[in-house]
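Number of protein chains: 2
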Amino acid sequence: MPDAETLEPSAYAAEGDEQQTDVAIVGAGPVGLFAIFECGMLGFRCHVIDSMDVAGGQIAALYPEKPIYDIPGYPEIEGIELIRRLEEQAAPFRPVYHLGEQVREVTRTEDERWRLTTSGGVRVNAKAIIIAAGVGAFAPNRPPLDDLEAFEDTSVFYMVKRREDFRGKRLVIAGGGDSALDWTNSLAELADKIFLVHRRDTFRGAPESVSQMTALVEAGKVELVVPYQLHALEGEDGQLHGVVVRGTDKDKTIRRLEADTLLPFYGLKAKLGPIAEWGLNLDRNHIVVEPGTCQTNVPGIFAIGDITTYEGKLKLILQGFSEAAVAAHAIHPLLRPDERLKFEYSTAKGVPTL
Amino acid sequence: MPDAETLEPSAYAAEGDEQQTDVAIVGAGPVGLFAIFECGMLGFRCHVIDSMDVAGGQIAALYPEKPIYDIPGYPEIEGIELIRRLEEQAAPFRPVYHLGEQVREVTRTEDERWRLTTSGGVRVNAKAIIIAAGVGAFAPNRPPLDDLEAFEDTSVFYMVKRREDFRGKRLVIAGGGDSALDWTNSLAELADKIFLVHRRDTFRGAPESVSQMTALVEAGKVELVVPYQLHALEGEDGQLHGVVVRGTDKDKTIRRLEADTLLPFYGLKAKLGPIAEWGLNLDRNHIVVEPGTCQTNVPGIFAIGDITTYEGKLKLILQGFSEAAVAAHAIHPLLRPDERLKFEYSTAKGVPTL
Numbered sequence: 001m002p003d004a005e006t007l008e009p010s011a012y013a014a015e016g017d018e019q020q021t022d023v024a025i026v027g028a029g030p031v032g033l034f035a036i037f038e039c040g041m042l043g044f045r046c047h048v049i050d051s052m053d054v055a056g057g058q059i060a061a062l063y064p065e066k067p068i069y070d071i072p073g074y075p076e077i078e079g080i081e082l083i084r085r086l087e088e089q090a091a092p093f094r095p096v097y098h099l100g101e102q103v104r105e106v107t108r109t110e111d112e113r114w115r116l117t118t119s120g121g122v123r124v125n126a127k128a129i130i131i132a133a134g135v136g137a138f139a140p141n142r143p144p145l146d147d148l149e150a151f152e153d154t155s156v157f158y159m160v161k162r163r164e165d166f167r168g169k170r171l172v173i174a175g176g177g178d179s180a181l182d183w184t185n186s187l188a189e190l191a192d193k194i195f196l197v198h199r200r201d202t203f204r205g206a207p208e209s210v211s212q213m214t215a216l217v218e219a220g221k222v223e224l225v226v227p228y229q230l231h232a233l234e235g236e237d238g239q240l241h242g243v244v245v246r247g248t249d250k251d252k253t254i255r256r257l258e259a260d261t262l263l264p265f266y267g268l269k270a271k272l273g274p275i276a277e278w279g280l281n282l283d284r285n286h287i288v289v290e291p292g293t294c295q296t297n298v299p300g301i302f303a304i305g306d307i308t309t310y311e312g313k314l315k316l317i318l319q320g321f322s323e324a325a326v327a328a329h330a331i332h333p334l335l336r337p338d339e340r341l342k343f344e345y346s347t348a349k350g351v352p353t354l
Numbered sequence: 355m356p357d358a359e360t361l362e363p364s365a366y367a368a369e370g371d372e373q374q375t376d377v378a379i380v381g382a383g384p385v386g387l388f389a390i391f392e393c394g395m396l397g398f399r400c401h402v403i404d405s406m407d408v409a410g411g412q413i414a415a416l417y418p419e420k421p422i423y424d425i426p427g428y429p430e431i432e433g434i435e436l437i438r439r440l441e442e443q444a445a446p447f448r449p450v451y452h453l454g455e456q457v458r459e460v461t462r463t464e465d466e467r468w469r470l471t472t473s474g475g476v477r478v479n480a481k482a483i484i485i486a487a488g489v490g491a492f493a494p495n496r497p498p499l500d501d502l503e504a505f506e507d508t509s510v511f512y513m514v515k516r517r518e519d520f521r522g523k524r525l526v527i528a529g530g531g532d533s534a535l536d537w538t539n540s541l542a543e544l545a546d547k548i549f550l551v552h553r554r555d556t557f558r559g560a561p562e563s564v565s566q567m568t569a570l571v572e573a574g575k576v577e578l579v580v581p582y583q584l585h586a587l588e589g590e591d592g593q594l595h596g597v598v599v600r601g602t603d604k605d606k607t608i609r610r611l612e613a614d615t616l617l618p619f620y621g622l623k624a625k626l627g628p629i630a631e632w633g634l635n636l637d638r639n640h641i642v643v644e645p646g647t648c649q650t651n652v653p654g655i656f657a658i659g660d661i662t663t664y665e666g667k668l669k670l671i672l673q674g675f676s677e678a679a680v681a682a683h684a685i686h687p688l689l690r691p692d693e694r695l696k697f698e699y700s701t702a703k704g705v706p707t708l
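One line per chain: the protein sequences are A and B, in this order.
The first sequence begins at 1 in my numbering and counts up by one.
The second sequence begins at 355 in my numbering and counts up by one.
The shape of chain A in the complex, shown without the other chains:
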C-alpha cells in the first residue's frame, strides 16, 4: 500500500483548471464502477467521465428494472440495484464523477501523463486511462431526411428537456414505441396541435399508453397519421413550417402537416464517438487489447468491458469485472514503479483508506 501521505487530498486538488488524479475512467457503467474499486484496492484515485447524466451505462439506459441472472452470487438482481451496490462498493475510494460529459480530446502531456478534455470543458490529468465505454455513447437514431441538420436543436429535438418549451407549439411526434406514445400523452395538454406519425397501424408501446393516446385521438387532441413515414422538411433559417409525410401502404399518399416542431423518437443507438479518433487499434468498433493486461496499442490507455475485443472475449458484465482487476494490476507499475505488488486476500487486507 502507498503511504497515506502520497494520497493526501491536496495532491488531487485542481491545479489551475485541471484536475489531477491517478486514473481517468471513461464510462460509468457497471464495469467502469467496479474499476474504481479495483484501482482503489491498489491505492489509486479515480475520476470517472460519462456522457449520460447518471451512472449505470447500458443498464440505466436500457433495462434499469429488469432482473439480471448472471452476476455471480446474485441468483437474480434488478439492474439498477446492481449499479447502486457497485457505487456503494466504490464509494470508500472517493471517486470524482463527471456525468453528462463526453470526452472530446485526449492529449499526451510532457511528463507522460494524459489530459482529457470533456464537452463541458472539464480537464482531467491522469497517469492512465481506462476506457469502459461499453457500446459507446448513446445517441438518438436520426431520420434520413434532407437538410435535417439545419433544423436540429431549433425545430427538431430528440429529447424533451423541459415540457414548457413545447407549450402552444404545433408538434409532429414520430415513432411507434414508448417514447413517442409517452410524450404524445404528456404534451397533449400543452401543445396547440400534435400529429403522431407512425409507419405502421399498430404501436409497440405499453397497452396502457396506447389506450391513453387513443382516447386523446378520440377527443380530438391528437391527430393520428398512420401508416405514414417522414418524407421531407419545409422551412427556413432553422425554423420548420411543415413536415411532409408519405404513406407506407401501396398508395404512397403524400401529406403535408403544418407544424413548427418535430420530435422523432426512433430509439437510441450506440456510437463510439471521439474514442474512434484516439489512435487505438479497432476491430469493428471494438478496441483491441492484450488480454493479460487490457492495455491497448497505446501504452497507458487500457480498455475493459463490452468495448474490448480479444480472443475468447465474451460480452458479459462478469468478464468486464475481471478485466477491471486485470487493468488495475497492469496500471500498478506505471503509478508505483518502485513498489512490488504483493498479493493479499481482501479478507486479510480489508479495504484500504485513500
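According to the in silico footprint, chain A covers these stretches of chain B (three or more CB under 8 Å from chain A):
{"hint": "1", "segment": "383-397"}
{"hint": "2", "segment": "413-422"}
{"hint": "3", "segment": "434-441"}
{"hint": "4", "segment": "645-653"}
{"hint": "5", "segment": "666-673"}
Hint data in this document are derived by calculation from the structure and do not stem from the laboratory.
Every residue gets a Cβ at the ideal spot worked out from N, C-alpha and C, and that includes glycine.
Assemble chain B onto chain A, guided by the hints.
Same frame as chain A, now just chain B:
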C-alpha cells in the same frame, strides 16, 4: 438452447454403475459452483466432485465467517454466505454433488468422453472436465515421525469424525492452534487421559479456548506437556502404546507419555494430489491453460480459478468467475457441434430449464 427432450433425466441416469453427464467439475469452491451456473446457462448438466465434505473450497476450509470485500456488487459478504448464494444460483440446473470424494483416476473412453473414478468408487462419465480445484485437495500436515504410516487410521488420526470413538482412551493431542485446543476441551469429558503437547509455552488459539483448556489443566483433567515436540512412536501392529516427546528448550528432555491414541493438529496443507498425474502441463503446481478458452494441453480438459496459470492471471475469485464463463463457452462446440452459440443477455434470455 437445446431441446428439453435432449435433457430428459433418463439421459442422465446411471448406466450400469457409471453416471452420465455433460461436464464433470472437479472442485466445489466458489469458482466450481459458478461453473455449474455458466454451464447450465448454455444447457449443460454437471456433476461436481470435491474431496471436502461440504461445498465452499478454501472459503469453507479457511475463512467461512470472514468478510470478503472484492466480490463485485457486494461491498462486504461473509465467505459462507457467498457460497450459499452461489449454490442457490446453481440449483436450477440440478447439479449432482459427490462430496467427500477425491478423483483418483481419469481415463479417456472409446467414444471420446472421460471417465472419472473417485476414492469412494463413484464413476462419472462426462464429455468435458473442468478442474476448479483451487490449491488442490486439503490434506493434514503430518508430523515427521518414523513409522507414522503404520499407526495412521488405527491409532493416529488427523480429524475427529465421531467423538465417541475416543471415549476411555488415553490421548496425546499435539498442536498449538484452535483445533488442538478445541478438541482438548471437547474430548476432556470422554477421554481417560489427555496429554496436550505443544512446542511453545503459549497457544495461538482463541483466548476463550485457552482459558477453558487452562481450567481443565488446573482441574487435573488435562496434562500440559510444554514446550515439547513429538519425537517417536512406540507400539506394534498399528496399536500405539506410548508417544515419546522431546523438550524444545535447551535441556532437550525426553519424556514418554503412556497413550494409545495420537491426534496431531498441525493444520492443513493443499496438495495437488492425483491431478498432477493426468498428463497436464504444469508450472509450479499450477495448470497451464489457454486464457481464451481455459483449455489445458489435453483437449476436453479445462481448468479455472486459482489452480490455473497464464499471462495476467490473478488469484481473485472474481477472475475465476469469468474463467467459468470462458470454459463453458469453449465447451459448447464439444457438446453441441451443430449448434451456433447466439449471444443473449441473461435479462432477455432468463434462466433456462434443464
